[in-house]
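What the sequence shown shows, in the numbering used here, is residues 567 to 802, in sequence order.
Worth double-checking, as some hints may not be accurate.
[Said to hold, decoys possible] Each computed DSS-like pair below joins lysine-lysine, with the alpha-carbon atoms no more than 30 Å apart:
hint	residue 1	residue 2
1	LYS571	LYS590
2	LYS645	LYS699
3	LYS711	LYS777
4	LYS645	LYS711
5	LYS645	LYS731
6	LYS713	LYS725
7	LYS627	LYS699
8	LYS593	LYS692
9	LYS568	LYS655
10	LYS571	LYS692
11	LYS690	LYS725
12	LYS690	LYS655
13	LYS669	LYS731
14	LYS649	LYS568
The hints are simulated quantities; they were obtained by calculation from the structure and are not laboratory data.
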Amino acid sequence: MKVSKYVIIGNSTAAVGAVEAIRKTDKANEIVIISDETYHTYSRPLISYMLLGKTTRDKMKYRADSFYEDNNCSLILNKKAVKINPQSKTVVLDDGKELSYEKLLVATGSCPFVPPIMGLDTVKNKFTFMSLKDALALEEVLNDKAKVLIIGAGLIGLKCAEGIKNRVGEINIVDLAPKVLSSILDDEAAAHIKKHLEANGLNFYLADSVKELKENTAELTSGKNIDFDILVLAVG
């Protein structure tokens, strides 16, 4: 089995930074990059701007098309690393293939949390909002009459709302916290932001949560019901 000097799991900003740091001291040895996505490295925060029409997929690229070739990187796309064997220094991919390494970096970033909501399996159009793949899948079902329910009034949920606001009929946002952006704003700032968002057509159900989902209806712990066509899980 061929031994690669460097193997990086992940293909986002951390991976790019690692490649550039390695190349400052090692210009020659091959770097293998593994990603379960199929895209050139891109800026994830821009996925909402893509939906909004403020940027394009090509402009979202984090580095030039020649980045991998210029830095002697072998790119393995659409493959997931499912196991790391530290003793034998190998990485196992989801197709069973093994890669041997001298040095390994796990740079996958975070993955979306899907809350264990009763009835979630009955919802057809449900999405997370963390990657380009998520955004493209969501875009396929958007229409100007769609009612969207976003669970989460943090950065992810509000970025999603920003991206789709002008492409759907209605957006309702539910969050267990008593204010928007609860992890980064004080009460006064959160109140100002909420007022601005409401003036732009967003509806909030704060200090509340989804108790159960029944196909296209969400029952909240407060007893309120919200009908929706599209569900976005943006709780972290």
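Hints versus structure:
| no. | hint | in the structure |
| --- | --- | --- |
| 1 | LYS571 / LYS590 | 15 Å, holds |
| 2 | LYS645 / LYS699 | 14 Å, holds |
| 3 | LYS711 / LYS777 | 25 Å, holds |
| 4 | LYS645 / LYS711 | 37 Å, violated |
| 5 | LYS645 / LYS731 | 33 Å, violated |
| 6 | LYS713 / LYS725 | 17 Å, holds |
| 7 | LYS627 / LYS699 | 14 Å, holds |
| 8 | LYS593 / LYS692 | 45 Å, violated |
| 9 | LYS568 / LYS655 | 12 Å, holds |
| 10 | LYS571 / LYS692 | 41 Å, violated |
| 11 | LYS690 / LYS725 | 22 Å, holds |
| 12 | LYS690 / LYS655 | 41 Å, violated |
| 13 | LYS669 / LYS731 | 45 Å, violated |
| 14 | LYS649 / LYS568 | 18 Å, holds |
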